[in-house]
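Undergrad: With chain A fixed as given, assemble chain B onto it according to the hints.
Taken in order, these protein sequences are the chains called A and B. Mapping to our numbering: the first sequence position 39 is 39, numbers consecutive. When you read off a place in the second sequence, starting at 1, and then add 1000, the result is the number in our numbering.
Simulated from the structure, these hints should not be mistaken for lab results. A portion of the hints provided could be inaccurate.
[Unchecked claim] Okay, derived cross-link-like pairs now, DSBU-like style, lysine-lysine, Cα gap no bigger than 30 angstroms in a straight line: (1) Lys7/A <-> Lys1157/B; (2) Lys159/A <-> Lys1317/B; (3) Lys1157/B <-> Lys1190/B; (4) Lys180/A <-> Lys1206/B; (5) Lys31/A <-> Lys69/A; (6) Lys181/A <-> Lys1206/B; (7) Lys1206/B <-> Lys7/A; (8) Lys1190/B <-> Lys1134/B.
[Unchecked claim] Sample of chain B residues lacking proximity to chain A, with all beta carbon distances greater than 10 angstroms (derived): (9) Asn1104; (10) Gln1116; (11) Arg1173; (12) Ser1200; (13) Gly1273; (14) Asp1315; (15) Ala1322.
Beta carbons: idealized from backbone N, C-alpha and C, even for Gly.
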Amino acid sequence: MTGPLGKDLLALEPLTAEQINLVLDTAEPFKEISERAIKKVPTLRGATIVNLFFEASTRTRISFEFAEKRLSADTVNVAASGSSVQKGETLVDTARNLEAMRIDMVVIRHGASGAAQFLADRIESNVINAGDGTHEHPTQGLLDLLTLRDHFGNLAGVKVCICGDVLHSRVARSNIWGLKKLGAEVAVCGPRSLMPNAIDELGVTVLHRIEDAIQWADALNILRLQLERMTAGYIPSLREYNRVFGVTRERLDRAPKDVLILHPGPMNRGVEIDSDVADGPHSVILDQVTNGVAIRMAVLYLLAGGNPKLAEAAKGALA
Amino acid sequence: MTKPLVLRGGRVVDPSQGRDEIADLIVENGAITGSGRNQGAPDGAEIVDCAGLVVAPGFIDVHCHLREPGREDVETIASGARAAAAGGFTAVCAMPNTDPVTDNQAAVGFIVRQAQRARAARVYPIGAISIGQKGETLAEFGEMVGAGAVAVSDDGKPVASAQLMRSALEYARTFGIPVADHCEEPTLAKGGAMNEGLVSARLGLKGIPSEAEEIMAIRDILLARRTGGHVHLCHMSTRGSVELIRWGKERGIGVTAEVCPHHLSLTESEVEGYDTNAKMNPPLRTADDVAALQEAVKDGTIDVIATDHAPHHYDEKEREFADAPNGIVGLETALAVNVHWLVASGIIDLATLIERMSCAPARIFRLPGGTLRTGSPADVTVFDPTETWNVDPAQFRSKGRNTPYAGRTLTGRVHATIVGGEIIHRLAR
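With the rest of the complex left out, here is chain B:
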């Protein structure tokens, strides 16, 4: 049994209870057992001084790629779970585009076991929608959920067949899980390397138009309406998508959505000079899209901020732009990017950020956590919302170093990450 903890004198911000006050938080036997001013310490408790820091329900990333099994050279469940902890995430959801694909109960069980061994952030597997992510035959959702899967997704690839997506949305209803949707119309996006627009025209790179995302977003919103299913739209990147989600929500359709920190902070101009660390799918878009996405995070049209953490070997990124793989690491920069571009700039307050990074992910994916209510599991993130730090990828716990934020000074730093009452990450001084 781990030692009791007293998180002393921090600013407790818990949107699940509408709380924002200076208080102590008491943790015993892996759960939150008390909270208030000047709480007494249980016998043998470790006192953690949180003065000047924010104490929040642990962040939950509903979208990351941990690469195991298959590409253990670029990330493992253990290294990914440690990177998550360093980034303030107490839980992450691992996408199934592994090798082999996580499309059956044995594969799901493997991830659960590897996560238990890692003893870092919790890792919840997401199972594939289709066997081998081939878009042909439904995978066994029921058995995968029985083994620990919390959602299904063919992320990395779109579900090209509208009929298969319809079936997935219908079939997932039995298990009460969301279908996490990679929105990409494959014929429009084919061969694309960046956003289609002036920059792609100048650089001579094949563009991916906004409509490649929006056509699939509206297709699947309409299928959610038809089926009564729950579609969760992954990594939204365009103003048009925001408008379509808003349209769906206004009609009570079962749609939720996520956006990545990079789509809230950077534009297609990062690609100038053919920087492969600015290559991801969906691509970085325009300043107008960024503004629309920020607004959608503020007004709740977009429910969740998720990282789409995608580690790659540096050799794979060190090549011609069109040949480089998509994706960047995000677990260890997410908080700072969000604080820097959204909170410090006055677009949203801290409570809204914590809602989007913790409460909403727990609610939408029906996961434990997302609250500091007494009796809840003690999954807690302690961070300084004003501390600035320089991003040095060499310091990452992730095996991936591919980030466009390298060398930038960002605001907002994780000081401690607590999972089940155990401090799994502390900022080294």
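Chain A extracted, bound-state conformation:
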């Protein structure tokens, strides 16, 4: 038995617009649960979920954990540092051990692209990709889509520019696929040294100047600039990055219309985004965080529908 999303959520690239809209629609009623005094429904009671984080994460891990707990699942957090090679145990052994403990779902964050798929191919449990290397971060993409949809109603024709280090960003890839599937117009803007060489072939517009991006866009999704990109020789300095590519109040004030501001966090204030933009009236950065819990509840719920053991529990349990 396979649910509407299949066994796993590994990426947005293979999903259809219908599947993506289903997740967004499913998230709507879950938003309300988090507004209640008692933020808990019995949907996933009895299900065991492992949050397997091979990379440090605060926001994503906590968001998943709240989503799981508000659906009454039993959860275990495993923080495994470094790659499997450094750790001494291989990822395949980790996978087999989890399987042997008869868990129902695994949420995995890993530094290697393809790690979530690697796990999904080898275990029967549902696997949710919470970010794999520089590949995808599908739940982040979904929560960005939900936040945009909350604001614009419908994403068809909405102009969204993804700004910054697209080369190393899993958030960027998930956004590009998700936005395109829902009919948005997608551009990227940043230094060419932080763009994949084949970026044009991904079907996005490439804008070289942040001023052009601000003129063009209805919304900017501003990526975090990892500080190590400077030492690796991709850009000369954070100071210059802010001067050339930083989203500042001054630049936004010259825009013909209000531009919605998204950022997946954590922010480097004063580098890719200025504080008065992050904290300004058009910022929906905290709405993204709120929506993150609802999106993850929706994904857990929909995948449980594909899990015969959990389907019974999930059926009709949405109070």
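TA: Positioned in the frame of chain A, the structure of chain B alone reads:
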């Protein structure tokens, strides 16, 4: 002394003599002693029925990794030589990136002795260019050649220093050996896991641009021009490299080149799903590169098809893509991949394939074999160019199982491999 052999009624295809005809081949005392229609059999000869089969000079692989010494768990000279025989290779050249590195006469001599014990395909050692393959100090080419080395290479690693490569090309001239060149500009290729392009952008894997290979290819073609040395470019993978080799050959520069069966048949799309059996260095490239390489094999811009046979333990390949080692096994699938993608598809004829797999390797590396001329060593490969078979890695003689061709049905099957007049491999029925 082994029994005489009569290879009866096969299609003898020997590009070294421009021959392609139905004939018998007589083998006595380890050498070819006669050939023609309806030859009489010497006393006590074994008659091998070759009707419907191709009888060719034995294939020679100028590029394989046999892992001994150091990683006998993944391959030994004996298991590699048996895998070679099963793939129709009568001789292979073993790359020196062993542990310890094959960078001195004693290490070369060890490989020669292990190969003699194996009594399968002949194994010719390739010595390192630099001590420890560190790219700093030249290894002792003269002593290594004296012990049996047929070429030098730092394969697995590029020679980053242009000055050291220049010296190697100059110094190798004394011994008349090629410098086999792993073309990879190390700073461009650093951390790369696959071809740089749309697929790498989508999968979020760090790409290796074509230019990483091409920059080194042209550097070393130019150094061959400067020095008058012989550079043999290993495992070429891009259209740009083909154009650069063509440029060098047109000017009479001492450059030869090889390409691997996988670069003639597969593209970067094999990496989809993060299949580590599609991870090798240089990486699988685009369909346009494959077409350019096929054309280069046809027109002779690329002289040799070599396997870059690289066995790995399955545990090492069963991991995250970026952490998995590079390379696939190739000895036992090379003929079928080449027949399937090049001959059966009409790109080249059988004579051209045999030229690239036997005659040219012998000529370029100055090895015995590569011909069925009377008086030559009886190194012969007998194969069926039309038989299809299913690739099952569990059946490999190699200890390695890492192949992207597993489960595929390919065309072209080795029936017998004869080294020095002795049948060292027969297709089991």
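Undergrad: A separate judgement is required for each hint: does it hold in the structure or not?
TA: Hint by hint, here is what the structure shows:
A C-alpha spacing of about 42 angstroms is found between lysine 7/A and lysine 1157/B, which places the hinted pair above 30 angstroms, so the restraint is violated. Using a Cα cut-off of 30 angstroms, the hinted pair lysine 159/A and lysine 1317/B is violated, with the two alpha carbons roughly 42 angstroms apart. In summary, the hint linking lysine 1157/B to lysine 1190/B is supported, as the alpha carbons are separated by about 11 angstroms, within the 30 angstroms threshold. A distance of roughly 24 angstroms separates the Cα atoms of lysine 180/A and lysine 1206/B; the hinted pair therefore holds under the 30 angstroms criterion.
Only pairs whose Cα atoms come within 30 angstroms are accepted, and lysine 31/A paired with lysine 69/A is accepted, the gap being roughly 14 angstroms. At most 30 angstroms may separate the alpha-carbon atoms for a hinted pair to count; lysine 181/A and lysine 1206/B meet this at roughly 25 angstroms. Between lysine 1206/B and lysine 7/A the CA atoms are separated by roughly 28 angstroms; this keeps the pair inside 30 angstroms, and the hint holds. At roughly 16 angstroms between alpha-carbon atoms, lysine 1190/B and lysine 1134/B fall within 30 angstroms of each other, so this suggested pair holds.
In this structure asparagine 1104/B is separated from chain A by more than 10 angstroms, as the shortest Cβ-Cβ distance comes to about 32 angstroms. Taking the minimum C-beta to C-beta distance to chain A, about 38 angstroms, the non-interface status of glutamine 1116/B holds against the 10 angstroms cut. Listed as outside the interface, arginine 1173/B is consistent with that label: its C-beta sits roughly 39 angstroms from the nearest C-beta of chain A, beyond the 10 angstroms cut-off. The beta carbon of serine 1200/B is not kept farther than 10 angstroms from every beta carbon of chain A, the shortest such distance being approximately 7 angstroms.
The beta carbon of glycine 1273/B is not kept farther than 10 angstroms from every beta carbon of chain A, the shortest such distance being approximately 7 angstroms. Non-interface status of aspartate 1315/B relative to chain A is broken: a Cβ of that chain comes within 10 angstroms, the nearest being about 7 angstroms off. Distance check for alanine 1322/B against chain A: the nearest CB is about 5 angstroms away, which does not clear 10 angstroms, and the non-interface claim fails.
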